[in-house]
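S.K.: Build out the structure end to end from the sequences listed, making use of the hints.
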Amino acid sequence: MSGNEKFLKVDNLVVEYTSGGEIVHAVNGVSFSLERGETLGLVGETGAGKTTIAKSILRILPDPQGKVRNGSIRLDGVDLLELSEREMQGIRGNRVSMVFQDPMTSLNPVMKVGEQIAEVIRKHNKKMERPAIQKAIEMLELVGIPGSRAMEYPHQFSGGMKQRVVIAMALACKPDLILADEPTSALDVTIQAQVLEMITELKIKQNTSMILITHDLGVVGNVCDKVAVIYAGEVLEYGDKLEIFLNPSHPYTVGLFGAIPDLSVKSRRLTNIEGLPPDPFNLPVGCCFSPRCKNVREDCFKRKFPLQQIGEKHYCSCGYAPLGF
Amino acid sequence: MISIRTRFRTKKEGREKSESTLHATFMRLCRNPTAVFGGIVFIILALLVILAPWLTPYDYAAYDTKNLFQPPSPAHWCGTDQFGRDILTRLLYGGRYSMSMGFIAVGFAAIGGVSLGSICGYIGGRLDDIVMRFLDIFQAIPGILLTICMAAALGNGFDKVIIALSLTRIPSIARLMRGSVMKIRGMEYLEAAEAIGCSKARRIIKYVIPNSMAPVIVEVTMGIASTVLQLATLSYIGLGVQPPTPEWGAMLSDAKRYILIKPYMIMFPGIFIALTVLSLNFLGDGLRDALDPKLKD
Numbered sequence: 008m009s010g011n012e013k014f015l016k017v018d019n020l021v022v023e024y025t026s027g028g029e030i031v032h033a034v035n036g037v038s039f040s041l042e043r044g045e046t047l048g049l050v051g052e053t054g055a056g057k058t059t060i061a062k063s064i065l066r067i068l069p070d071p072q073g074k075v076r077n078g079s080i081r082l083d084g085v086d087l088l089e090l091s092e093r094e095m096q097g098i099r100g101n102r103v104s105m106v107f108q109d110p111m112t113s114l115n116p117v118m119k120v121g122e123q124i125a126e127v128i129r130k131h132n133k134k135m136e137r138p139a140i141q142k143a144i145e146m147l148e149l150v151g152i153p154g155s156r157a158m159e160y161p162h163q164f165s166g167g168m169k170q171r172v173v174i175a176m177a178l179a180c181k182p183d184l185i186l187a188d189e190p191t192s193a194l195d196v197t198i199q200a201q202v203l204e205m206i207t208e209l210k211i212k213q214n215t216s217m218i219l220i221t222h223d224l225g226v227v228g229n230v231c232d233k234v235a236v237i238y239a240g241e242v243l244e245y246g247d248k249l250e251i252f253l254n255p256s257h258p259y260t261v262g263l264f265g266a267i268p269d270l271s272v273k274s275r276r277l278t279n280i281e282g283l284p285p286d287p288f289n290l291p292v293g294c295c296f297s298p299r300c301k302n303v304r305e306d307c308f309k310r311k312f313p314l315q316q317i318g319e320k321h322y323c324s325c326g327y328a329p330l331g332f
Numbered sequence: 111m112i113s114i115r116t117r118f119r120t121k122k123e124g125r126e127k128s129e130s131t132l133h134a135t136f137m138r139l140c141r142n143p144t145a146v147f148g149g150i151v152f153i154i155l156a157l158l159v160i161l162a163p164w165l166t167p168y169d170y171a172a173y174d175t176k177n178l179f180q181p182p183s184p185a186h187w188c189g190t191d192q193f194g195r196d197i198l199t200r201l202l203y204g205g206r207y208s209m210s211m212g213f214i215a216v217g218f219a220a221i222g223g224v225s226l227g228s229i230c231g232y233i234g235g236r237l238d239d240i241v242m243r244f245l246d247i248f249q250a251i252p253g254i255l256l257t258i259c260m261a262a263a264l265g266n267g268f269d270k271v272i273i274a275l276s277l278t279r280i281p282s283i284a285r286l287m288r289g290s291v292m293k294i295r296g297m298e299y300l301e302a303a304e305a306i307g308c309s310k311a312r313r314i315i316k317y318v319i320p321n322s323m324a325p326v327i328v329e330v331t332m333g334i335a336s337t338v339l340q341l342a343t344l345s346y347i348g349l350g351v352q353p354p355t356p357e358w359g360a361m362l363s364d365a366k367r368y369i370l371i372k373p374y375m376i377m378f379p380g381i382f383i384a385l386t387v388l389s390l391n392f393l394g395d396g397l398r399d400a401l402d403p404k405l406k407d
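Order-wise, the sequence lines are chains A and B.
Taking our numbering, I'd label the letters of the first sequence as residues 8 to 332.
Taking our numbering, I'd label the letters of the second sequence as residues 111 to 407.
No lab work stands behind these hints, which were simulated from the structure alone.
Quick reminder that beta carbons are idealized off the backbone N, C-alpha and C, glycines included.
Hints are supplied without guarantee of correctness; some may be wrong.
Pair by pair, the computed Cβ-Cβ distance ranges are [unchecked claim]:
(1) A:L270 x B:D239: 53 to 61 Å
(2) A:S192 x B:A311: 28 to 36 Å
(3) B:I315 x A:E281: 49 to 57 Å
(4) A:K309 x B:D239: 44 to 52 Å
(5) A:S192 x B:L385: 53 to 61 Å
(6) B:I315 x A:P138: 17 to 25 Å
(7) A:K134 x B:I254: 51 to 59 Å
(8) A:V292 x B:I327: 50 to 58 Å
(9) A:P69 x B:I254: 35 to 43 Å
(10) A:G97 x B:I327: 32 to 40 Å
(11) A:P138 x B:M137: 51 to 59 Å
(12) B:I327 x A:S192: 30 to 38 Å
(13) B:I160 x A:L90: 13 to 21 Å
(14) A:E92 x B:P353: 36 to 44 Å
With a cut-off of at most 27 Å between alpha-carbon atoms, the simulated BS3-like pairs for lysine-lysine come out as follows [unchecked claim]:
(15) B:K316 x A:K134
(16) A:K142 x B:K316
(17) B:K316 x A:K181
(18) A:K142 x B:K310
(19) A:K212 x A:K134
(20) A:K133 x B:K310
(21) B:K176 x A:K74
(22) A:K133 x B:K316
Partial selection, computed: residues in chain A whose CB lies under 7 Å from chain B [what the hints assert, rightly or not]:
(23) L65
(24) I67
(25) L68
(26) Q72
(27) R76
(28) E94
(29) Q96
(30) R99
(31) M105
(32) F107
(33) L114
(34) V127
(35) N132
(36) G228
(37) N229
M.R.: Shown next, in the form of structure tokens:
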């Protein structure tokens, strides 16, 4: 492990799904990296491939359908894609853990919540029954649920509390990396804020890195250090959060920011991005955003533009963005 | 953030509710009068059958030539048969065979069906195709015909009848379990289980099977009833339990010759079979309602 190796480095990740004999190009050459303690926000529309990226890191893509075709995912210099299934099982939930989108369905309905948390702890720490349950109760209290409720079933909890249980599970083994897949989308706004605050606090306490998947730029603004804008399985813009928020460069990112309601401006129609994301069965030849781009040029339809540096920590895949429109 | 009041409430409720799923199902079952009736009748029948040696002074196999064809009387509540044997005694001892064989056969079928169904449903793919087509062949043959063929091929005997009865019941349970598992397989908590490092075997045992058992429990309850019937059918046509072992179907078969002159001889075994099957079906129906998640209160 060399000293200046990034903590997490995803390089040229390509993931495909096969569906009824046809190939869905879900992720097409995504690269990003993450330092210890940093949070990366993956932003994009539904179906852009954000969740697929997270699942590839944990290697829990649906089995025969989803395949990683290319690329590498290095955690502390070790390529996760080359580990055996058994070695991966030791990493899942232990070094890398995941918080799922819908707390209503991500807990086993026939298992007591304390048991479910203890399950992770037992799996990775070889603890006996008693101390694992004890630790599970501690974890519940850490996320603000009284330990006396550990012996209750998920249906006896509210949505917000279930998500806390899921977070307690994800944090139980002090992971190095948390993959949070829209952890707050299924919750109402007040609970969203609480849950986000809690995740961030616990993350800082344990110096954990996080990849936060969301379509909410407000959440990114609050929580993340870095942002990657994902579109049709590609990174369109990537870099430091402040640089991107202050100076969004890709026409798609500009469009996303245009779609945020602004309280300081007198009410008018929000701008939206015309059209729909491309069909992942049949991606455009050139720049994947070209069919919807307002500033499209002739050769956008013919060639792809690689990510190029346009600021100190700011990369953009639009060939014409640096020139200004 | 959590006020004292909520903390008090949660503590109290936590105590009361902690037996949740099983307990709640049982409570719902108790609120269904038909199911309670079925349950009580079945328990009474089971107790009668289990306690048979203490309840009746007669021997089920010994001939009593002085008392042939006695009609029901205080000494012989259900009368005596062509060899002078007390019919009630034979019914109680016969129930031991009918019920225990029903339970054992369905138990084996449940173990086989649940494991086959959950493996096929969870793993899917080619294995699923092969196993399911094989089970299709089984199911294309009428159940009773298949049982008769198997019983005839395996020969007579307690164990062989059980094998025949359980083998013919496996396909329906496996199919039901497979469907149920396929529904559960898409649930996010399985992905979550994978994401915490659970192995495939553990996911099937701890997550998939407990969540997909509800329809199988109903099928098994009903299955015991129909196995009791099938066993009676087998014995009736002479392929099941052999005389002098008293078995309900065999007793029916014996009595059929005297149906016109001594109708009580065929009536009482019929009543016992009907009561057992009916009570189990009521219970199964009640379980189906009680286990239905849509009725969760």
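S.K.: So, for every hint listed, does it hold in this structure?
M.R.: Results for each hint:
Judged by the Cβ atoms, the range 53 to 61 Å given for A:L270 and B:D239 holds: they are separated by roughly 58 Å. A:S192 and B:A311 have their C-beta atoms about 32 Å apart, which keeps the hinted 28 to 36 Å range intact. Between B:I315 and A:E281 the C-beta distance comes to about 51 Å, which sits within the given range of 49 to 57 Å. In this structure the supplied range 44 to 52 Å holds for A:K309 paired with B:D239, their Cβ-Cβ distance being about 45 Å.
Range check, A:S192 to B:L385: about 55 Å between beta-carbon atoms, so the 53 to 61 Å window is met. The given range of 17 to 25 Å is respected by B:I315 and A:P138, whose C-beta atoms sit roughly 23 Å from each other. The hint said 51 to 59 Å for the Cβ distance between A:K134 and B:I254, and at roughly 53 Å that hint holds. In this structure the supplied range 50 to 58 Å holds for A:V292 paired with B:I327, their Cβ-Cβ distance being about 56 Å.
For A:P69 and B:I254, the Cβ-Cβ distance of about 42 Å falls inside the hinted range of 35 to 43 Å, so the restraint holds. At about 36 Å, the beta-carbon gap between A:G97 and B:I327 stays in the expected band of 32 to 40 Å. Checked against the hint of 51 to 59 Å, the pair A:P138 and B:M137 fails, with Cβ atoms roughly 34 Å apart. For B:I327 paired with A:S192, a C-beta distance near 35 Å keeps the hint of 30 to 38 Å intact.
Between B:I160 and A:L90 the beta carbon distance is about 57 Å. The supplied range of 13 to 21 Å is therefore violated. For the hinted restraint 36 to 44 Å between A:E92 and B:P353, the CB-CB distance of approximately 58 Å leaves it violated. A distance of roughly 18 Å separates the Cα atoms of B:K316 and A:K134; the hinted pair therefore holds under the 27 Å criterion. Only pairs whose Cα atoms come within 27 Å are accepted, and A:K142 paired with B:K316 is accepted, the gap being roughly 21 Å.
For the hint pairing B:K316 with A:K181, the CA-to-CA distance comes to about 24 Å; that is within 27 Å, so the pair holds. Distance check on the hinted pair: A:K142 and B:K310 sit about 25 Å apart at the alpha-carbon level, within 27 Å; holds. Using a Cα cut-off of 27 Å, the hinted pair A:K212 and A:K134 holds, with the two alpha carbons roughly 24 Å apart. Note on A:K133 and B:K310: the hinted pairing holds, with a Cα-Cα distance of about 19 Å set against a maximum of 27 Å.
Between the alpha carbons of B:K176 and A:K74 the distance comes to roughly 83 Å, so the proposed pair goes past 27 Å and is violated. The suggested pairing of A:K133 with B:K316 holds, with an alpha-carbon distance near 18 Å, which does not exceed 27 Å. Interface hint at A:L65: satisfied, since its Cβ lies 6 Å from the closest Cβ of chain B, which is below the 7 Å cut-off. At its closest, the beta carbon of A:I67 sits 5 Å from a beta carbon of chain B; the interface hint therefore holds under the 7 Å criterion.
Violation of the interface hint for A:L68 is found here, the shortest Cβ-Cβ separation to chain B being roughly 10 Å, above the 7 Å cut-off. Against a cut-off of 7 Å between C-beta atoms, the interface hint on A:Q72 is violated, since the closest Cβ of chain B lies about 11 Å away. Given hint, A:R76 at the interface with chain B, is violated; its Cβ is 21 Å from that chain's nearest Cβ, farther than 7 Å. With 7 Å as the threshold, the beta carbon of A:E94 stays out of range of chain B, its nearest partner Cβ sitting at about 11 Å, so the hint is violated.
A distance limit of 7 Å between C-beta atoms decides the matter here; for A:Q96 the minimum to chain B is near 4 Å, and the interface restraint holds. Using the Cβ-Cβ criterion of 7 Å, the hint placing A:R99 at the interface with chain B is satisfied: the shortest such distance is roughly 4 Å. A cut of 7 Å between beta carbons decides the hint on A:M105: the least distance to chain B is about 4 Å, and the hint holds. For A:F107, the interface hint holds, since its Cβ comes within 7 Å of a Cβ in chain B; the closest pair sits about 5 Å apart.
Against a cut-off of 7 Å between C-beta atoms, the interface hint on A:L114 holds, since the closest Cβ of chain B lies about 6 Å away. Checking A:V127 against chain B by beta carbon gives a least distance of about 4 Å; that is within 7 Å, so the hint holds. Given the 7 Å rule on beta carbons, the hint for A:N132 is violated: about 11 Å separates it from the nearest Cβ of chain B. Residue-level restraint check for A:G228 is violated (minimum Cβ-Cβ distance to chain B is 24 Å; threshold 7 Å).
Nearest Cβ of chain B to the Cβ of A:N229: about 19 Å, over the 7 Å cut. The hint is violated.
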